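Asks: Sequence:
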Amino acid sequence: MFQTLGRISSRHAAVVVATWLVVLVGSLLLAPPWADVAENGEFAFLPPEAPSRVAEERFTEAFDDTLASNVVLVVRRETSEAGLKKSDRLFIREILMPELREIAGLPPGQDAHDDSADHVVSRLHWFGAKATGSLFDSDDQQATLIVMQLTTEFLDQGNAQLIEALETRLEKIRRIPHKAEGEIPAGLDISFSGSATFGRDIIRESARSAQSTERWTVILVVVLLIIIYRAPLLAFIPLATVVVATATSLALLAVGAGQGWVTLFNGIETYVTVLLYGAGVDYCLFLIARYREELDTGATIEEAVSRTLERVGAALTASAGTVMCGIGMMVFAEFGKFRQAGIAITFGLAICLAASLTLTPALLRLFGRWAFWPNVARQYVTGPTGWIAPTDIPTRIAQANLLQRGWSRVGDLLTLRPFTWWLGSILVLVPFAVAGVFWFGHLSYGLLTELPDSAPCVEGAEALTAHFPAGESGLLNVLV
Numbered sequence: 001m002f003q004t005l006g007r008i009s010s011r012h013a014a015v016v017v018a019t020w021l022v023v024l025v026g027s028l029l030l031a032p033p034w035a036d037v038a039e040n041g042e043f044a045f046l047p048p049e050a051p052s053r054v055a056e057e058r059f060t061e062a063f064d065d066t067l068a069s070n071v072v073l074v075v076r077r078e079t080s081e082a083g084l085k086k087s088d089r090l091f092i093r094e095i096l097m098p099e100l101r102e103i104a105g106l107p108p109g110q111d112a113h114d115d116s117a118d119h120v121v122s123r124l125h126w127f128g129a130k131a132t133g134s135l136f137d138s139d140d141q142q143a144t145l146i147v148m149q150l151t152t153e154f155l156d157q158g159n160a161q162l163i164e165a166l167e168t169r170l171e172k173i174r175r176i177p178h179k180a181e182g183e184i185p186a187g188l189d190i191s192f193s194g195s196a197t198f199g200r201d202i203i204r205e206s207a208r209s210a211q212s213t214e215r216w217t218v219i220l221v222v223v224l225l226i227i228i229y230r231a232p233l234l235a236f237i238p239l240a241t242v243v244v245a246t247a248t249s250l251a252l253l254a255v256g257a258g259q260g261w262v263t264l265f266n267g268i269e270t271y272v273t274v275l276l277y278g279a280g281v282d283y284c285l286f287l288i289a290r291y292r293e294e295l296d297t298g299a300t301i302e303e304a305v306s307r308t309l310e311r312v313g314a315a316l317t318a319s320a321g322t323v324m325c326g327i328g329m330m331v332f333a334e335f336g337k338f339r340q341a342g343i344a345i346t347f348g349l350a351i352c353l354a355a356s357l358t359l360t361p362a363l364l365r366l367f368g369r370w371a372f373w374p375n376v377a378r379q380y381v382t383g384p385t386g387w388i389a390p391t392d393i394p395t396r397i398a399q400a401n402l403l404q405r406g407w408s409r410v411g412d413l414l415t416l417r418p419f420t421w422w423l424g425s426i427l428v429l430v431p432f433a434v435a436g437v438f439w440f441g442h443l444s445y446g447l448l449t450e451l452p453d454s455a456p457c458v459e460g461a462e463a464l465t466a467h468f469p470a471g472e473s474g475l476l477n478v479l480v
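Take the sequence shown: its letter number 156 is residue 156 in the numbering used here, and every next letter is one higher.
Since the hints were derived computationally from the structure, they do not count as laboratory data. Owing to the predicted nature of the structure, the values given are computational and were not obtained by experimental measurement. Beta carbons: idealized from backbone N, C-alpha and C, even for Gly. Be aware that a few hints might be false.
[As the list claims (entries may be wrong)] Under the rule of at most 25 Å between Cα atoms (straight-line distance), these lysine to aspartate or glutamate pairs were calculated in the DMTMM-like manner:
#	residue 1	residue 2
1	K86	E171
2	K172	E94
3	K130	E99
4	K86	D137
5	K85	E205
6	K130	D111
7	K130	D140
8	K172	E99
[Unchecked claim] Label pairs and their in silico Cβ distance ranges:
#	residue 1	residue 2	range
9	L29	F438	47 to 57 Å
10	L21	S444	43 to 53 Å
11	A315	P418	21 to 31 Å
All chains, full assembly: derive it from the sequences and hints.
Replies: Dropping the structure here:
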């Protein structure tokens with residue numbers, strides 16, 4: 001099979017590359033937006049028998065309401081020992097609450113929707129509420145809470161629009177000129193937190209982290225490939241392969257999710273991208289190393305491509321298959337995100353393997369010996385007639401072949417004293433193993449510690465805990 005694949009990739013390289021481009025463009029055109037097909041929330045991925053899901057279902061049946069997420073505004077005055085002034089409460093009642101009702105889609109003077117199922121905000125809790133108003137004032141009277149109870153989960157992407165509208169409105173209130181009507185009283189501070197705000201911030205920071213991870217992954221791959229091969233075009237071939245494989249995989253996964261064949265969660269694209277970049281570059285390096293060995297034996301470009309696939313294709317497939325089977329075992333997990341990751345990552349690795357076995361050899365065949373530029377001349381002739389003078393520093397370093405000599409020396413030492421090197425390796429690794437066992441249970445479950453200090457929910461949580469118990473914004477509901 002691999003011999004046939006090698007002949008196709010070497011003799012019909014242009015067709016193979018064109019086929020991959022058609023598949024890539026077609027999948028991108030057919031793929032729906034990722035946000036439209038990825039599942040929101042966190043609790044939806046729990047198994048149906050999880051206690052929290054059972055309790056939530058029974059609560060909804062009994063009270064026709066939801067126990068989802070919230071946005072908590074902390075209005076505080078710390079410049080006065082007496083706490084909040086009458087003017088502060090008047091500002092909240094006359095200016096802030098009408099703004100919040102408008103954002104929540106509530107009629108003037110009304111703090112709850114008659115049918116909350118069709119709205120993101122179901123209810124507003126504040127000191128003006130008759131039943132529970134006093135519960136939202138702090139004991140030191142320096143702060144009061146306004147809680148926007150939502151019908152969505154804290155990691156629902158739909159919360160972002162509401163929270164961004166709230167941010168914009170609060171910023172507008174803060175910018176009102178001094179002495180103007182509706183001005184926020186001097187010394188009064190408004191911060192906001194809550195589980196929905198945390199969810200919005202963690203989704204936003206995750207997206208930024210994904211972009212940063214992908215950017216630095218590309219930079220690292222390019223730098224390492226150029227250092228190893230000292231040939232920009234040869235570094236481009238693995239990079240082009242993994243870019244095409246990753247984009248195609250994500251697009252096809254989106255198509256599958258849109259058709260209901262697979263389910264996806266927001267953030268899984270980061271894991272797929274990073275793993276495919278790592279595995280894909282590894283597969284390509286394996287092929288390129290063997291390809292260079294075939295050229296060194298005097299084979300032509302076409303023969304080298306064909307022999308490379310024939311001799312290492314099975315080993316490469318076995319290596320990738322082992323990883324795919326291992327990660328694929330996550331499909332048996334009860335937690336939905338692990339199960340979805342097992343399917344999506346395994347599918348991406350299969351696409352990446354196919355690209356490595358077809359697209360990479362085809363690109364090597366099309367580039368020919370120019371893939372090794374600026375060392376093209378030495379692939380044709382030896383001696384002083386090459387394009388690069390043998391006396392310049394880069395050529396002398398290349399001819400010294402220090403990297404290969406270094407690994408040859410390591411191999412000789414391992415052969416001469418295998419037990420000594422084995423024991424030395426164990427002694428070097430043991431301290432890390434001991435540290436891993438000792439710190440195995442040292443885990444942090446603090447959600448806010450995962451976010452930067454500048455995140456709005458972190459600043460709001462600090463303002464809240466300065467005047468209220470730490471769990472005030474995330475109460476534990478007991479259903480009897």
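Asks: Next step is simple, just say for each hint if it's right about the structure.
Replies: Structure-based check of each hint:
1. K86 / E171: It holds: about 23 Å lies between the C-alpha atoms, which stays within 25 Å.
2. K172 / E94: 16 Å, holds
3. K130 / E99: 20 Å, holds
4. K86 / D137: Distance of about 14 Å is within 25 Å: holds.
5. K85 / E205: 37 Å, violated
6. K130 / D111: 11 Å, holds
7. K130 / D140: With a Cα-Cα distance of about 21 Å, the restraint between K130 and D140 holds, given a limit of 25 Å.
8. K172 / E99: 11 Å, holds
9. L29 / F438: 47 to 57 Å: 53 Å, holds
10. L21 / S444: 43 to 53 Å: 45 Å, holds
11. A315 / P418: 21 to 31 Å: Given about 24 Å between the Cβ atoms, the range holds.
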